[in-house]
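Line by line, the protein sequences are chains A and B.
Numbering follows my numbering, with no gaps: position 286 of the first sequence is 287.
Numbering follows my numbering, with no gaps: position 99 of the second sequence is 174.
Because the hints were derived from the structure by calculation, they are not lab data.
No experiment lies behind these values; they were computed from the predicted model shown.
Every residue gets a Cβ at the ideal spot worked out from N, C-alpha and C, and that includes glycine.
Fair warning: there could be bad hints in the mix.
Label-pair ranges, simulated between beta-carbon atoms [stated by the list, open to error]:
| no. | chain 1 | residue 1 | chain 2 | residue 2 | range |
| --- | --- | --- | --- | --- | --- |
| 1 | B | His125 | A | Met2 | 48 to 56 Å |
| 2 | B | Thr145 | A | Thr142 | 32 to 40 Å |
| 3 | B | Ala82 | A | Thr62 | 55 to 63 Å |
| 4 | A | Leu317 | B | Glu119 | 50 to 58 Å |
| 5 | A | Gly264 | B | Glu119 | 24 to 32 Å |
| 6 | B | His125 | A | Arg262 | 25 to 33 Å |
In the DSS-like style, the derived pairs of lysine-lysine whose C-alpha atoms are separated by at most 30 Å in a straight line are [what the hints assert, rightly or not]:
| no. | chain 1 | residue 1 | chain 2 | residue 2 |
| --- | --- | --- | --- | --- |
| 7 | A | Lys282 | B | Lys174 |
| 8 | B | Lys134 | A | Lys162 |
| 9 | A | Lys323 | A | Lys216 |
| 10 | A | Lys409 | B | Lys174 |
| 11 | B | Lys161 | A | Lys216 |
| 12 | B | Lys134 | B | Lys152 |
| 13 | B | Lys174 | B | Lys134 |
| 14 | B | Lys134 | A | Lys323 |
| 15 | B | Lys165 | B | Lys152 |
| 16 | A | Lys282 | B | Lys164 |
| 17 | B | Lys134 | B | Lys165 |
| 18 | B | Lys146 | A | Lys216 |
| 19 | B | Lys164 | A | Lys216 |
| 20 | B | Lys146 | B | Lys122 |
| 21 | B | Lys164 | A | Lys162 |
| 22 | A | Lys276 | B | Lys161 |
| 23 | B | Lys146 | A | Lys162 |
| 24 | A | Lys276 | B | Lys174 |
| 25 | A | Lys323 | A | Lys276 |
| 26 | B | Lys161 | B | Lys146 |
| 27 | A | Lys282 | B | Lys146 |
| 28 | B | Lys164 | A | Lys276 |
| 29 | A | Lys181 | B | Lys122 |
| 30 | B | Lys122 | A | Lys282 |
| 31 | B | Lys164 | B | Lys152 |
| 32 | B | Lys161 | B | Lys134 |
| 33 | B | Lys164 | B | Lys174 |
| 34 | B | Lys122 | B | Lys174 |
| 35 | A | Lys162 | A | Lys372 |
| 36 | B | Lys174 | A | Lys162 |
| 37 | B | Lys161 | A | Lys162 |
| 38 | A | Lys372 | B | Lys122 |
| 39 | B | Lys165 | A | Lys162 |
| 40 | B | Lys161 | B | Lys122 |
Take a look at the letters that make up each chain.
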Amino acid sequence: MKRQLLVLGAGTAGTMIVNKLRRKLPAGEWDITVVDRDDVHPYQPGYLFLPFGTYTPDQITRPRRDQLPKGVDFVIGDVDRVDAAANIVTLADGRSLAYDYLVIASGTSPRPDQTPGMLGAEWRRSIFDFYTFEGAKTLATALEGFDHGRLVVHITDMPIKCPVAPLEFTFLAEAWLRGKGLRDRVEIVYVTPLPGAFTKPVASEHLGAMLEERKIHVESDFLVEHIDVETKTLVSYDEREVPFDLLVTVPLNMGADFVERSGLGDELNYVPVDKHTLQSKAFANVFAVGDSSDIPTSKAGSVAHFSVEVFVDNFLQLIDGKPMTGSFDGHANCFIESGDGKGLLIDFNYDIEPLTGTYPLPVAGPLALLKETRRNHLGKLAFRWIYWNVLLPGRPLPLPAHMSMLGKTAATTHPKEM
Amino acid sequence: MPVTTLAGRPIQVNDEGFLTDPTEWDEDLGTALASAIGITLSDEHWKAIHFLRDDFAEKGETATLRRISTKGGIPVKQLFALFPQKPAKKMAYVAGLPKPHGCV
Numbered sequence: 002m003k004r005q006l007l008v009l010g011a012g013t014a015g016t017m018i019v020n021k022l023r024r025k026l027p028a029g030e031w032d033i034t035v036v037d038r039d040d041v042h043p044y045q046p047g048y049l050f051l052p053f054g055t056y057t058p059d060q061i062t063r064p065r066r067d068q069l070p071k072g073v074d075f076v077i078g079d080v081d082r083v084d085a086a087a088n089i090v091t092l093a094d095g096r097s098l099a100y101d102y103l104v105i106a107s108g109t110s111p112r113p114d115q116t117p118g119m120l121g122a123e124w125r126r127s128i129f130d131f132y133t134f135e136g137a138k139t140l141a142t143a144l145e146g147f148d149h150g151r152l153v154v155h156i157t158d159m160p161i162k163c164p165v166a167p168l169e170f171t172f173l174a175e176a177w178l179r180g181k182g183l184r185d186r187v188e189i190v191y192v193t194p195l196p197g198a199f200t201k202p203v204a205s206e207h208l209g210a211m212l213e214e215r216k217i218h219v220e221s222d223f224l225v226e227h228i229d230v231e232t233k234t235l236v237s238y239d240e241r242e243v244p245f246d247l248l249v250t251v252p253l254n255m256g257a258d259f260v261e262r263s264g265l266g267d268e269l270n271y272v273p274v275d276k277h278t279l280q281s282k283a284f285a286n287v288f289a290v291g292d293s294s295d296i297p298t299s300k301a302g303s304v305a306h307f308s309v310e311v312f313v314d315n316f317l318q319l320i321d322g323k324p325m326t327g328s329f330d331g332h333a334n335c336f337i338e339s340g341d342g343k344g345l346l347i348d349f350n351y352d353i354e355p356l357t358g359t360y361p362l363p364v365a366g367p368l369a370l371l372k373e374t375r376r377n378h379l380g381k382l383a384f385r386w387i388y389w390n391v392l393l394p395g396r397p398l399p400l401p402a403h404m405s406m407l408g409k410t411a412a413t414t415h416p417k418e419m
Numbered sequence: 076m077p078v079t080t081l082a083g084r085p086i087q088v089n090d091e092g093f094l095t096d097p098t099e100w101d102e103d104l105g106t107a108l109a110s111a112i113g114i115t116l117s118d119e120h121w122k123a124i125h126f127l128r129d130d131f132a133e134k135g136e137t138a139t140l141r142r143i144s145t146k147g148g149i150p151v152k153q154l155f156a157l158f159p160q161k162p163a164k165k166m167a168y169v170a171g172l173p174k175p176h177g178c179v
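All chains, please: the whole structure from these sequences, using the hints.
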């Protein structure tokens, strides 16, 4: 009897996994099935550029099927629930899929329905998100017509997918307004539940200084309770108010609802896993890879990439009856667009925050860490090609999965007052 | 690691004053830590602190505000009233637990 590997989600993590594992698992012994609700694979980092007209819609989506290898069954359907005790997944249309091993790679999604007032009369009139294709596209139109007032960029709560994207959007919007000669007529406010511009001290200091240079006001420790649609105001739990003319918000991010229905999730529908192996804490034949797990690092394609490499090697050991020896360290790196054709790069893991230095090679780089350069911006643009042609097909990218401290400058910030 | 004296005994803390060993904590210490940041603990405060301690013992992570609200049954609004401005950080401090993960 052939063994069944079932992957829920054909996004970044799921696609990489089936591409890598189809090459390793003999077709005579293993069936691989991947389920997704549709056949559109978005290049999500591209959403950031849609509002500013840098990319056209057709540059950032491709059929999911075309990214999958031969010998993998692609099933389109909504997952109803996972019965992890019985090793069966049921789809909403009644089909059921049995598995020996299950990989949950169903990601995380913005949920504007979770904040009262967000989905009200102003949704996509003066309130926009840019983490969805529709949101980014309608925001492009709104920005075209925006020539004065208060632009508020807002994060509902952490964790969010690509936590640097709201900062990037802010930098890009500031540069774009300046380019149109409108900067003096627009007040920009950055509203965050964090105590500063970013989560970790060194990066927060650098990025905070960049916001200050650009005269962008930061409203920190702001946890939104509701949006007053009448007065167009964000209201926090401690009753602070931030009025807006144009609100670009990052709604609460949550894992898939089927995770919750299946009793496999935490309070945000993320699957609790061992942070080094991504194995479910409840079921040894279930893994959660990519944004769907509760590991304490960024929800980002970069984490999916580095963790998939560790997962695939571990999985091959596991099915051979050996102990899993790979240990994911939370490694990620991200380009951060800063406007005016420049960008930064950050590199970090579970224990080491983003630091200054060079990447991927000590001193030689060629990419500078935590520093605005033209080359980092070009790196970001080049990454779209790498994503479709190297990353998703699971071809080797010459970057180590584990983080290196070589060439980095150790942290020198001081603790702040509570 | 610095050592400080709280509730009449030496306690290991990090450079932000958070306990580095959660097992050194007891309720006397909780009271002392709270008063160090200007909070007098009421029954409502204790309910939140006890939830954090119990949840940490089970999960090994400091609960987020959302978790305290959904699993512990204390509304976020009330947490802001009990521990003003930075409830997540202040609760962890008083409960002798690590700061909640600000996920990167």
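These are the hints, each one checked on the structure:
{"no.": "1", "hint": "B/His125 / A/Met2: 48 to 56 Å", "in the structure": "holds, 51 Å"}
{"no.": "2", "hint": "B/Thr145 / A/Thr142: 32 to 40 Å", "in the structure": "holds, 37 Å"}
{"no.": "3", "hint": "B/Ala82 / A/Thr62: 55 to 63 Å", "in the structure": "holds, 60 Å"}
{"no.": "4", "hint": "A/Leu317 / B/Glu119: 50 to 58 Å", "in the structure": "holds, 52 Å"}
{"no.": "5", "hint": "A/Gly264 / B/Glu119: 24 to 32 Å", "in the structure": "holds, 30 Å"}
{"no.": "6", "hint": "B/His125 / A/Arg262: 25 to 33 Å", "in the structure": "holds, 30 Å"}
{"no.": "7", "hint": "A/Lys282 / B/Lys174", "in the structure": "holds, 23 Å"}
{"no.": "8", "hint": "B/Lys134 / A/Lys162", "in the structure": "holds, 23 Å"}
{"no.": "9", "hint": "A/Lys323 / A/Lys216", "in the structure": "violated, 56 Å"}
{"no.": "10", "hint": "A/Lys409 / B/Lys174", "in the structure": "holds, 25 Å"}
{"no.": "11", "hint": "B/Lys161 / A/Lys216", "in the structure": "holds, 25 Å"}
{"no.": "12", "hint": "B/Lys134 / B/Lys152", "in the structure": "holds, 24 Å"}
{"no.": "13", "hint": "B/Lys174 / B/Lys134", "in the structure": "holds, 14 Å"}
{"no.": "14", "hint": "B/Lys134 / A/Lys323", "in the structure": "holds, 27 Å"}
{"no.": "15", "hint": "B/Lys165 / B/Lys152", "in the structure": "holds, 15 Å"}
{"no.": "16", "hint": "A/Lys282 / B/Lys164", "in the structure": "holds, 27 Å"}
{"no.": "17", "hint": "B/Lys134 / B/Lys165", "in the structure": "holds, 19 Å"}
{"no.": "18", "hint": "B/Lys146 / A/Lys216", "in the structure": "violated, 40 Å"}
{"no.": "19", "hint": "B/Lys164 / A/Lys216", "in the structure": "holds, 28 Å"}
{"no.": "20", "hint": "B/Lys146 / B/Lys122", "in the structure": "holds, 12 Å"}
{"no.": "21", "hint": "B/Lys164 / A/Lys162", "in the structure": "holds, 23 Å"}
{"no.": "22", "hint": "A/Lys276 / B/Lys161", "in the structure": "holds, 27 Å"}
{"no.": "23", "hint": "B/Lys146 / A/Lys162", "in the structure": "holds, 23 Å"}
{"no.": "24", "hint": "A/Lys276 / B/Lys174", "in the structure": "holds, 18 Å"}
{"no.": "25", "hint": "A/Lys323 / A/Lys276", "in the structure": "holds, 19 Å"}
{"no.": "26", "hint": "B/Lys161 / B/Lys146", "in the structure": "holds, 20 Å"}
{"no.": "27", "hint": "A/Lys282 / B/Lys146", "in the structure": "holds, 19 Å"}
{"no.": "28", "hint": "B/Lys164 / A/Lys276", "in the structure": "holds, 23 Å"}
{"no.": "29", "hint": "A/Lys181 / B/Lys122", "in the structure": "violated, 54 Å"}
{"no.": "30", "hint": "B/Lys122 / A/Lys282", "in the structure": "holds, 28 Å"}
{"no.": "31", "hint": "B/Lys164 / B/Lys152", "in the structure": "holds, 15 Å"}
{"no.": "32", "hint": "B/Lys161 / B/Lys134", "in the structure": "holds, 22 Å"}
{"no.": "33", "hint": "B/Lys164 / B/Lys174", "in the structure": "holds, 6 Å"}
{"no.": "34", "hint": "B/Lys122 / B/Lys174", "in the structure": "holds, 19 Å"}
{"no.": "35", "hint": "A/Lys162 / A/Lys372", "in the structure": "holds, 22 Å"}
{"no.": "36", "hint": "B/Lys174 / A/Lys162", "in the structure": "holds, 21 Å"}
{"no.": "37", "hint": "B/Lys161 / A/Lys162", "in the structure": "holds, 23 Å"}
{"no.": "38", "hint": "A/Lys372 / B/Lys122", "in the structure": "violated, 45 Å"}
{"no.": "39", "hint": "B/Lys165 / A/Lys162", "in the structure": "holds, 26 Å"}
{"no.": "40", "hint": "B/Lys161 / B/Lys122", "in the structure": "holds, 18 Å"}
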